[in-house]
Amino acid sequence: DAGVTQSPTHLIKTRGQQVTLRCSPKSGHDTVSWYQQALGQGPQFIFQYYEEEERQRGNFPDRFSGHQFPNYSSELNVNALLLGDSALYLCASSFGQGSNGYTFGSGTRLTVV
Amino acid sequence: AQKITQTQPGMFVQEKEAVTLDCTYDTSDQSYGLFWYKQPSSGEMIFLIYQGSYDEQNATEGRYSLNFQKARKSANLVISASQLGDSAMYFCAMREGRGYKLSFGAGTTVTVRA
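Chains as they are written, first to last, in the working numbering: chain V, 185 to 297; chain X, 12 to 125.
Because the hints were derived from the structure by calculation, they are not lab data. Using N, Cα and C, we set each Cβ at its ideal position, and we do this for glycine too. One or more hints might be untrue.
Calculated pairs, DMTMM-like style, for lysine to aspartate or glutamate (alpha carbon to alpha carbon, straight line, at most 25 Å) [to be verified]:
(1) X:Lys14 to X:Glu28
(2) X:Lys14 to X:Glu67
(3) X:Lys84 to X:Glu26
(4) X:Lys14 to V:Glu236
(5) X:Lys14 to V:Asp246
(6) X:Lys14 to V:Asp269
(7) X:Lys81 to X:Glu55
(8) X:Lys27 to X:Glu107
(9) X:Lys27 to X:Asp66
(10) X:Lys84 to X:Glu72
(11) X:Lys27 to X:Asp40
(12) V:Lys197 to X:Glu55
Pair by pair, the computed Cβ-Cβ distance ranges are [claimed, not checked]:
(13) V:Gly224 to X:Ser39: 25 to 31 Å
(14) X:Gly21 to V:Asn243: 26 to 32 Å
(15) X:Thr16 to V:Asn243: 16 to 22 Å
(16) V:Thr198 to X:Gln41: 47 to 53 Å
Construct all of the structure, not just a fragment, from the sequences and the given hints.
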């Protein structure tokens, strides 16, 4: 039973560029959440997708956008990258609304230079 | 205001001993859930234990137990019989009411010594 799969595992981008991170949820899960974890800090909630719609968003600028596909997989897009966007980006999947059964992936380590 | 406060940046524990990780939370909701996650150097967040605000008994999962004191708004994690593989970062998190996001604390690094 595959868990949450994220790709790529590591990524280096230049300031001003755009990046797309991908997440495949755990089998049977239909909800995907994205978190940003800066070095030495706890994860911060970016947004959550359910039924292909964003249903809650954290305190992140519009440069951060996402998408959920009919197969429940998801993408996180970040435009106009800043040095401060360097972080570990974690994807978490769950089933249904208000679930407490979150499963996290190993994350994508993004470095902006 | 911080939703989750973890005041211990780092802790050392001897193998086979127990360790308590502190977590206090702030919410005005009556319904909420509290989580503990382990994050090894690989980066993956591993779920350890969950406590609902209406649960009357403290949650336990194997060597992990949660000391839930609702009036004090604390949810401390106790790891019994520490193992070398327990060395990792530990995060306390909360989901409030009908919200969907988890709010995390800053984490506590645990190092288990042989």
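Structure-based check of each hint:
1. X:Lys14 to X:Glu28: Roughly 30 Å separates the two Cα atoms, so the pair is violated.
2. X:Lys14 to X:Glu67: 22 Å, holds
3. X:Lys84 to X:Glu26: 29 Å, violated
4. X:Lys14 to V:Glu236: The hint is violated at about 29 Å.
5. X:Lys14 to V:Asp246: 24 Å, holds
6. X:Lys14 to V:Asp269: It holds: about 23 Å lies between the C-alpha atoms, which stays within 25 Å.
7. X:Lys81 to X:Glu55: 29 Å, violated
8. X:Lys27 to X:Glu107: 35 Å, violated
9. X:Lys27 to X:Asp66: 29 Å, violated
10. X:Lys84 to X:Glu72: 21 Å, holds
11. X:Lys27 to X:Asp40: 38 Å, violated
12. V:Lys197 to X:Glu55: Roughly 22 Å between the alpha carbons, so the hint for V:Lys197 and X:Glu55 holds.
13. V:Gly224 to X:Ser39: 25 to 31 Å: The hint (25 to 31 Å, Cβ to Cβ) holds, given that V:Gly224 and X:Ser39 are roughly 29 Å apart.
14. X:Gly21 to V:Asn243: 26 to 32 Å: Given range 26 to 32 Å: holds, Cβ gap about 28 Å.
15. X:Thr16 to V:Asn243: 16 to 22 Å: 19 Å, holds
16. V:Thr198 to X:Gln41: 47 to 53 Å: For V:Thr198 and X:Gln41 the Cβ distance comes to about 48 Å; the hint holds.
In summary, the numbered hints that this structure violates are 1, 3, 4, 7, 8, 9, 11.
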